[in-house]
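Student: The residues making up each chain are set out below.
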Amino acid sequence: MASRIKAEEKPKDIHVVPENIKYFIMTFYAVTILLSGFVFNTPAEIFQGMQAILVQPSILVTDYFEVANIGATLFNSGLLMIVSIGIAKWNDVNMNGPLMAAVLTIGGFALFGKTLYNILPIFVGVFIYSRVQKEAYSKFILPAFFGTALGPLVSQVSFGYGFPIYQGMLLGYVMGITAGFFLPALATHFVKFHQGFNLYNIGFTCGITGMFFMAVFRGFGLDHQTVLIVSSGNNLTMSFYLGFLFLSFIAVGFYYNRLGFSGYRRLLKHPGQLVTDFVTLNGFGIAMINMGILGLISTLYVVMVNGELNGPIIGGIFTIVGFGAFGKHTRNVLPIFVGIYLATLFNIWDVNSTGALLGALFGTTLAPIAGRFGWQYGVIAGFFHMAMVMNVGFLHGGMNLYNNGFSGGFVAAVLVPIIIALKKEEI
Amino acid sequence: MTEVQKKLIRVMNELVHYYFNLHMDEVFMEIKQEEDRSSLAISGYPSVCEPDALKRLEKKLNKPRQPELEEYYWNLIGSVDSSEQMNMVSMLIDSAEVEYKQGKLTITVYRNH
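Taken in order, these protein sequences are the chains called A and B. Following my numbering, the numbering of the first sequence begins with 1 at its first residue and continues without gaps. Following my numbering, the numbering of the second sequence begins with 1001 at its first residue and continues without gaps.
Isolated chain B, as found in the complex (with noise of 0.2 Å):
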């Protein structure tokens, strides 16, 4: 298995922990390794979801890829229940999609190789 690869089980970890801490039954996932770039897809089912909520961890996803922070620190995400722990996964990514339809919560991360 490539580092790359270990990184990507890190994040797709940490949106895993993230729709586990929402009680969420049924969740699913989507790993797709292209050869410029590997993007993830999680999604679910939330019984509420605030707007303003949405926009923000869309937003705290979007922050600019930190090349120094991830070579060094990559092994934390996933490892700790925290609620910064997305801020870290923004450092591993360079774009991020949240999308609410029809009571089903989707996240898709990308991250360029």
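Chain A on its own, in the form it takes in the complex (with noise of 0.2 Å):
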């Protein structure tokens, strides 16, 4: 058979910004969050309500809105974020497109799950991982980050079961420091189970964890019941607030874009599945301007279904901005949007519940799904994610915060060989 190497599209020159450019621009958005907590409460009231935080079980869901108050949980996100990118700018890992991801989904699950506290042993754990290696930490850096998700992990074993404090902490941390060190390695054998098309990879891993550890815990007598607690009645405030955030976001872009939207229809070209780094392959500015639109359109979905703009849900959406430098784009993530929706119109489920909505935002792990096989199988694999993700979380008793990392994982290791045999394609 003939073969060719064809010229692919041509690529418009990328835009390199400077490191230390991109540095400053996260810097400034993670200070913006925290600072702007101040505009909802007193420094008095944050004080109070970090103190309350940090306190926290934090097992899903609990909304730090509701436990706390929205200026102590946005100071929460904006510290910790700023926490994140200056252990990353120490340990000299560039800018791009997972660890922007890594940064903004770390300052979204802050508003309901991560504080402080809690994410401090995982980084020691992987931090000895790295010394037992004999490699940089700067190589391990995203399991890190991402692996905070079993932040609960230690608030609960600290704060949770009823032991006494220092003792609860003691155990809290020995429990975080070894999730922790075996994180890495966990993470990059399961990355082969869903092929790269959930995109919370760490979710995955950290749900397998997390129910090791509370199978472990059961085994004990230690349990615990699920919890929902959630705010309402911030969609006005809150949605000016994300709304200004986004697009100052596409504004940036548009700048560092040379004042323009060159390149966004070749980065919705791209499928999305793991390794596609928007900020390496398209540009720093275009990314930050697909991130802009994800996040309004994200907004928009919430407020047209009557849903709550509380704390777990604008950590949904904080996420999917993260990740629309990370492989998330418009094309891929509302197919996926729409499988959610018509999963709540058949099931026993509202569109509207704080469930169903975190089922859509985060369900977007499988946005390679979409971009790869086509909006229909996007569909697909949006409607069994909503009856999936609804039924895995007693499995680590919401200790994993990336619970639909967890669902997305097995939802893609079902689907995607299913559609590669019915396509005929090759894996």
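These are computed hints drawn from the structure, not numbers from a lab. Treat the hints with care, as some may be off.
To be verified - Calculated Cβ distances over 10 Å to all of chain A for the following chain B residues:
1. Q1005
2. I1009
3. M1012
4. A1041
5. K1063
6. Q1066
7. M1091
8. S1095
9. T1106
As the list claims (entries may be wrong) - Dumping the calculated DMTMM-like pairs for lysine to aspartate or glutamate here, alpha-carbon to alpha-carbon at most 20 Å:
10. B:K1006 to B:E1070
11. A:K139 to B:D1094
12. A:K139 to B:E1026
13. A:K139 to B:E1070
14. A:K134 to B:E1035
15. A:K134 to B:E1050
16. B:K1063 to A:D92
17. B:K1006 to A:E135
18. B:K1006 to B:D1036
19. A:K89 to B:D1036
20. A:K192 to B:E1003
21. A:K192 to B:E1070
22. B:K1032 to B:E1003
23. B:K1007 to A:D223
24. A:K134 to B:D1036
Yeah, the Cβ is synthetic: ideal placement off N, Cα and C, and Gly gets one too.
Hey, can you piece these two chains together into the complex? The hints should help.
Tutor: Here it is in structure tokens:
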């Protein structure tokens, strides 16, 4: 058969933005989110709120808007983003798509589960692993950052099982460091399970890890009820807040994309399968524009179905925005939204319930299925994801914040081989 | 087998994938492991080669190595048939040469230890 190397679509020269500028912009947003807390609450209220947040067991779903206040929650989010950016800078890691996704994911989940107290032992565990492997910490920074999904493991053991406070904290930290130590090896291994079609690979890894820990805890008679603590009534304020935030993303991206939107169509052609770093492949500017657009669309979806813009939901939106630099775009995300929406029409869940909305927002972990195989398969993936995600939380007892990543791993692992077989594609 | 050798196999796997996708009937491979670096070379005879495409491929492969992505995602390389995969190869290598001479296309990639 004739072989021919064809010229691909010619990419316009990508405008490369220096690392210090990218770091500055990400730090600017982290500081802005932190300081914006003072618009909502007084410093005293934020201090009290932070105290309440730090001692929460934080298992899924604990909305810090509700257990503390909006100001303290935003302060917590900004603070954790600043710490993450600082660690990345200290380790000389490039501010590329995966790192931007990781930082915004940490910021998002700091609205409902991650605290300075419960992420540190995960970082330490990964650090010890890097020393044992005699490798630089920078090589494991992504498992360390995404691995903070297991924060509730630390907080629940520390504050949720009724141990005396110091013993509980010590035990919580031992659990967190142990989990962090094993995460990098497990994450590298589990990525094969779904072939990169589940963007929240650590979510799947942490789901398995959390399930393992929870099984042992239950064996010792330690168990807990899952919780659903969510706030309501903040839609008007938070719509404006998020609207301004994401419009500013588009404005910054526009500036760094040579005052234009060129390259966006090319970005939309990526299937989004792991590893698709839009910052490296398409440029920082257009990645920021994509992130802003995804943020606006996600916010609009929540508002249109009369959902509540509370901590977990905004966390979901932040995560989608983060992955706007690392695999997600409107073409591969919207079919998932449609699939989830259809599922809520036929299933028992209300379309605007927090669970269903979290399923829709975080269900976009399966965006690569739509990107690679077509929108109709994305709709099917979204439909099945909705059913799956409502059933797997029990396994890890809410200890894994990325429950949708856990569910998405199973959905991708089942659907992808079937789709490939039906389409007679090779993998 | 060391982890470095496993990664070399993944990279070669991906290069073979690339050649097979171009329907080349004969493919030749060479792997050299030296003290300070390893090199992988693959060659074949495509019927048509557009110089622009080769330049772009060389540029793609010569993107900076990314240790933080390599460690986490290297298991995906060579496992999925996707146009994005050559971008992933660049995560694991330090430099690459693409040469087209007398109808023979040779890709050589280098990975420092």
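Student: Evaluate each hint against the coordinates.
Tutor: A quick look at each hint next to the structure:
1. With a minimum CB-CB distance of about 16 Å to chain A, Q1005 (chain B) clears the 10 Å threshold, and the non-interface call stands.
2. Every Cβ of chain A is farther than 10 Å from the Cβ of I1009 (chain B); the closest lies at roughly 14 Å, confirming the non-interface assignment.
3. For M1012 (chain B), the shortest C-beta to C-beta distance to chain A comes to about 18 Å, beyond the 10 Å cut-off, and the non-interface label holds.
4. The Cβ of A1041 (chain B) lies farther than 10 Å from every Cβ of chain A, with a closest approach of about 17 Å, so its non-interface assignment holds.
5. Against the 10 Å criterion, K1063 (chain B) falls within the reach of chain A, whose nearest CB is about 7 Å from its own CB.
6. Not every CB of chain A is more than 10 Å from the CB of Q1066 (chain B) (nearest about 7 Å), against its label as outside the interface.
7. Once the 10 Å rule is applied to beta carbons, M1091 (chain B) is inconsistent with being away from chain A; the minimum gap is 7 Å.
8. The Cβ of S1095 (chain B) sits about 17 Å from the closest Cβ of chain A, beyond the 10 Å cut-off, so the non-interface label holds.
9. Non-interface status of T1106 (chain B) relative to chain A is upheld: no Cβ of that chain comes within 10 Å, the nearest being about 13 Å off.
10. In summary, the hint linking K1006 (chain B) to E1070 (chain B) is supported, as the alpha carbons are separated by about 12 Å, within the 20 Å threshold.
11. The hinted pair formed by K139 (chain A) and D1094 (chain B) meets the criterion: a straight-line CA distance of about 16 Å does not exceed 20 Å.
12. Between K139 (chain A) and E1026 (chain B) the CA atoms are separated by roughly 38 Å; this puts the pair beyond 20 Å, and the hint is violated.
13. This hinted pair checks out: K139 (chain A) and E1070 (chain B) have alpha carbons roughly 8 Å apart, not beyond 20 Å.
14. Restraint check for K134 (chain A) and E1035 (chain B): satisfied, since their Cα atoms lie roughly 19 Å apart, inside the 20 Å limit.
15. For a cut-off of 20 Å, the pair hint linking K134 (chain A) to E1050 (chain B) is broken: about 44 Å separates their Cα positions.
16. Restraint check for K1063 (chain B) and D92 (chain A): the C-alpha separation of about 18 Å stays at or below 20 Å, so the hint holds.
17. Distance restraint check for K1006 (chain B) and E135 (chain A): the Cα-Cα separation of roughly 17 Å lies within the 20 Å cut-off, and the hinted pair is therefore satisfied.
18. This hinted pair checks out: K1006 (chain B) and D1036 (chain B) have alpha carbons roughly 17 Å apart, not beyond 20 Å.
19. Using a Cα cut-off of 20 Å, the hinted pair K89 (chain A) and D1036 (chain B) is violated, with the two alpha carbons roughly 28 Å apart.
20. Simply put, K192 (chain A) and E1003 (chain B) have alpha-carbon atoms about 16 Å apart, close enough for the 20 Å limit, and the pair holds.
21. About 14 Å separates the Cα atoms of K192 (chain A) and E1070 (chain B), which keeps this hinted pair within 20 Å; it holds.
22. Restraint check: the Cα-Cα separation between K1032 (chain B) and E1003 (chain B) comes to about 16 Å, which is no more than 20 Å; the hinted pair holds.
23. The straight-line distance between the Cα atoms of K1007 (chain B) and D223 (chain A) is roughly 42 Å, outside the 20 Å bound, and the hint therefore fails.
24. As the CA atoms of K134 (chain A) and D1036 (chain B) are separated by approximately 18 Å, the hinted pair is consistent with the 20 Å bound.
In this structure, the earlier hints numbered 5, 6, 7, 12, 15, 19, 23 are contradicted, and the remaining ones agree with it.
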